[in-house]
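**Student:** Respectively, the protein sequence lines represent chains C, V, S and E.
Per our numbering, the very first residue in the first sequence carries number 3; after that it's consecutive.
Per our numbering, the very first residue in the second sequence carries number 3; after that it's consecutive.
Per our numbering, the very first residue in the third sequence carries number 6; after that it's consecutive.
Per our numbering, the very first residue in the fourth sequence carries number 6; after that it's consecutive.
Derived by calculation from the structure, the hints in this document are not laboratory data.
Among the hints, erroneous ones may be present.
[What the hints assert, rightly or not] Where chain C lies over chain S, by a calculated footprint (3+ residues, C-beta under 8 angstroms):
(1) 105-113
(2) 151-160
(3) 250-261
(4) 280-287
(5) 309-315
Backbone N, C-alpha and C define an ideal beta-carbon position, used for all residues, glycine too.
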Amino acid sequence: MDLTWSSEEDAFRAEARSWLEENLAAWRAAHGGAVASGDTREGFAQHLEWERMLFEDRWAVVSWPEAYGGRDASLWEWLLFEEEYYRAGAPPRVTQNGIFLLAPTVFEFGTPAQRDRILPRMAAAEDLWCQGWSEPNAGSDLASLTSRATRVDAGWVLDGQKTWTTRGAFCTHLFGLFRSDPGSERHRGLTYFLVPLDAEGVTVRGFGRLDGDEGFAEVFLTDVFVPDDAVLGQVDQGWSVAMATTGSERGLTLRSPGRFLATTAKLIDLWREGGGGPARREQVIDGWMRAEAYQLFTLATVTALAEGGSAKGGSIGAESSINKLWWSELDVALHRTALDLLGPESVLDGPWARGHQFALSGPIYAGTNEIQRTIAAERLLGLPR
Amino acid sequence: MDLTWSSEEDAFRAEARSWLEENLAAWRAAHGGAVASGDTREGFAQHLEWERMLFEDRWAVVSWPEAYGGRDASLWEWLLFEEEYYRAGAPPRVTQNGIFLLAPTVFEFGTPAQRDRILPRMAAAEDLWCQGWSEPNAGSDLASLTSRATRVDAGWVLDGQKTWTTRGAFCTHLFGLFRSDPGSERHRGLTYFLVPLDAEGVTVRGFGRLDGDEGFAEVFLTDVFVPDDAVLGQVDQGWSVAMATTGSERGLTLRSPGRFLATTAKLIDLWREGGGGPARREQVIDGWMRAEAYQLFTLATVTALAEGGSAKGGSIGAESSINKLWWSELDVALHRTALDLLGPESVLDGPWARGHQFALSGPIYAGTNEIQRTIAAERLLGLPR
Amino acid sequence: MRFAFTEDQLFFRDAVRDLLDKECGPDVVRGAWPAGPAGAGARSPAARVEAVWSRLADMGALAVALPAVGDGLGLGPLDWVLLAEETGYAALPHPFVETACVAAPLGVAAGRVATDLAGAVVPFAAGADTFLLRRGGELVTVAAAEAQVSPVAAVDGALAAARVQAGTTGGRVVAANEDVERAFDRGVLGTAAQLVGLSQRMLDLTVAYVRERRQFGVPVGSFQAVKHRLADALVHLSFARPAVHRAAWSITHDRPERGRDTSMAKAMASDAAREVGAAALQCHGAIGYTVEYDLHLYLKRSWALAAAWGDAGWHRDRVGHAIGV
Amino acid sequence: MRFAFTEDQLFFRDAVRDLLDKECGPDVVRGAWPAGPAGAGARSPAARVEAVWSRLADMGALAVALPAVGDGLGLGPLDWVLLAEETGYAALPHPFVETACVAAPLGVAAGRVATDLAGAVVPFAAGADTFLLRRGGELVTVAAAEAQVSPVAAVDGALAAARVQAGTTGGRVVAANEDVERAFDRGVLGTAAQLVGLSQRMLDLTVAYVRERRQFGVPVGSFQAVKHRLADALVHLSFARPAVHRAAWSITHDRPERGRDTSMAKAMASDAAREVGAAALQCHGAIGYTVEYDLHLYLKRSWALAAAWGDAGWHRDRVGHAIGV
């Protein structure tokens, strides 16, 4: 066991830190110090500028191969980058559904041509990807989706409706599952498609989220033609292709410990500003310990991944369920404690209130925590279905 | 709304208080100040003396008719008596399975002859009743019981095994369900029987409980003959007869607020003895509020019962489920807080540690809290089965 | 001993409930939100929002506690606590508690009242006619035009919150000393009752949703995890409610335990609203997270009221002092 | 950066695990209980209870941290923390932590050691050969015969607890100043590791039970309520464990964060044991409440160890001081 960083890793961290400090200041200054939320139309455009700054200096996708715009960084370096990213107070990545959810799937299932076509433009924030998992009657029960793909000459025709596509109204492309075998049921007969949102027959309608941002969209598809190379992985095998991505969404990549360590540091500051009385002290300490434990759990997971072969990805399997349970409940707890500390001021529409509302989505999205508990019980503990 | 007691009620309370104070002292003195647990063989005998003192002065079953040894007291007076009983630190009633579980059923379903035969001897602690609900394969799933009753001339022959019968090794009689219709399934075809434990073919084996007392028993029945008047209610209708009793067990009667108010008062003392620091203060206040809320909920329930007709019993239906969830979790919380306050001393086998272990049985017995939540959701909220 | 309301009290409660059910649906609450994506969804026009207040006035619901001269009925908290619960259930976008529960017993009948007794962020300040403000150990009323009102953006868009400043002179003194604390306790009680009503609304909405919504071929409400979470929500609500009703009695009779009982009510109602709200959101899933669905109207109001008039921690502390802990 | 154990460390862990699995089943733990109803159930004779300790000594598990002269291996917490976890899993009725983790690094190799570093109630005092006691700012060893040992009745009958007094002189000084705190931290760490092992044992027992036990025609473990409760238990355990392993590293390298990390480990392990224990008992139902079933052996040990060597509240407070909260 060695819980220290190498001098190369320290250097990588230092480089990231100074780049972030300098460039964040520049980006904010360019918008008069008042950047809007990335989930509003105006803010999204501002955040795209930030994405392009990251890409320009090869910080957008540090763990990707250099050919696609990355640095070929190790998982350790990726963790360090994320920690610095959140510590610096850098904004949520509006490209995250592409780079964290779709990209791992493209790396695993894409043809060389698909990789070359998709990944560099994604890294550069030229193509902006949103996810098309849920449908009005297929939320937690993803396998009950009814959007369909009909085989035609040299391609497919897509029909149906997707919903809850985060930032869908601002994106250029959608990835999602469609039923390609009309006689199939549940998990069988689905295919994973990549769909440009400017294709004929696509309509996107944005709608409002709890935190006031217009961050969701419904996507309606009517007779939308896509060519054969819009299929990722094999036809009718979309479920297993998607599950790889879902594993990423639930797992390590989307929720790096850095985010919670940064929130905890802010929470401790808030507690001190309020006079540091005894009433909420245990909650604050508990928050710190839980965030710290998340960091340690992640270090153990990354060690296992790194030693299991692929240092770039690999799978953490059903363990990602307990991971998600922990961080999503931690996030709610940290923000509740903050609201408690703010007392009457907590009713104001400030960063903690926003953060609280966002945190509340944690136990819902990417597989509800109820589903995660069932997965953990069945796959990790071996309880009967 | 009137939350004050009448002068008659105040007088009743005062009478109970002074009787309890005086007689408890006398009883304890008679045993050199060291009474054993009522769930041990030695302690059970000592507690029977206490029961007989209660009976002698008509405090054993205050709400029963005078003819059966009671005082015809109202539900309000019963509440006052219970509050004083626990405030005085009087011991758990070793007769409680009879007077709180069986008696309401006898009042409702018994023939006049059964009432006259059973109730006075129960009140006087001459007959000691234990419950025979559970079987090795019928715990939470009570309806899956397999003990059977076979019709014979002028009576029935009982066979089977009961378990988890509290204080069964020290009792004289058992009440329980047996399958009287051999072709029946689940809730149908069961009959409620009253069985003397000295009947031929009955074997009782005591076994140990978590808190170290030999408080459980298994009861084996082999070819046990009981006469026709051992049936309570109608043949094959035992389930509905038993549910009335189960309602009592879960509900108001077994867990009067007095018990938790008394525990809370002791907890506050403990907190003060430890210096009254801030660390556990909120838990202590919370415990007080929860006990107080239980008292208020009970007052509202008793008001509704009193105004709904029968001031002596009546049914509180599925509401008893939320009642049970509240007091059982409250009891655990109060004792956990006490153990936290005791710190290293909590490992000792003292009253709080004993109370903690007993409290832990609350969410399990009388219908697990999982079952109570399901009942509350289905019957009170109308969620689908 | 009788822990129940009178028939008259229940009758008035039912009348207010019917009125709000008809006149103050979610579209009316949303009508009180500023236009924009955060208030998206079916919205009633401003006139309908205003009409609710007039209708409540017409039926006498605002004058229950006004001294018994003129329109006043001179009644106490036991007579209005259930009405407050109903206004909570409806997430009424008007200062019922401030006007009818806090100010009216002081003889203040000057339109809509907002007050800084609730805290420095004053709910419903934007549309208030009169401010009831702390000054030293007294309460004074100040006409809205004479106060400096600085609106603030609250999470609950219908809260119309502001910070309010008035000079150190002027206005009418309407309460002093112990009566200031009595006024505060009435506000706390009314708010606790609204939280109980809001919790009931969130629970009702959720129960209706999970009975209908199907996933995995069955209603979501048939899953044990959903049942148990909502049963726990019901338990929280069921034990907070009598605490609120008892506080109404303690205030009505000006009992020595008034402050303790009122604080217990607010602490428990705030905690219950948090539990019920979290359960409601979780059991809805993604739709609960959208502003076009109604849940957020009640959820955000419950957050606002849980933090106003002293939050759970503040009131728990006050209970602690009262019981010597 | 590498957050994992070496193959040697895992190999030694497996060896101890195998030994305890064979030689320290529940019957052996129960054999350490006083006879009587509280210890009812299958009991091994005293000789088998004793044999476990000798076997552990034979395989070198007690000398891991003894200075590297003679039998000692001179290794650190990273080398024994997994062994402590296993002794917790087995609810070993002997002072492994006190002897092998606390005393051995001080060069104390005098049979079974018990210590008041754990608190005034000294675990395993009844069978100890040597006491390691605080005196002023020092730690001294005192032969058992020279101390006053007043046994106390603990909830965990195998704890053999006592209050221990020794004179103000005599004995051998084995540590002073900062080394006393280091010894304390090793005890805290070892105990935290045992709590993790105990939690794992309780979870394993429960999973096995609910897979077999049928009610309502299906295994109890197929109910969502049971699944979710045990999943939560697994989550608690899974995040407490790395905290314990990190503390082993911090102590091994005598890092400045040693105290903080050790206290975090104990707080989290104690809390996890409470959650897992409560879930285990509840998911078992009535059988878990009997002494003839094995669960209580592990449950009661977990209660004892959660309270010993500073409870969760005490260690949370220490973490708070370390992080400036």
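**Student:** Hint by hint, where does the structure go against what was stated? Just the numbers, ascending.
**Tutor:** 1 and 3
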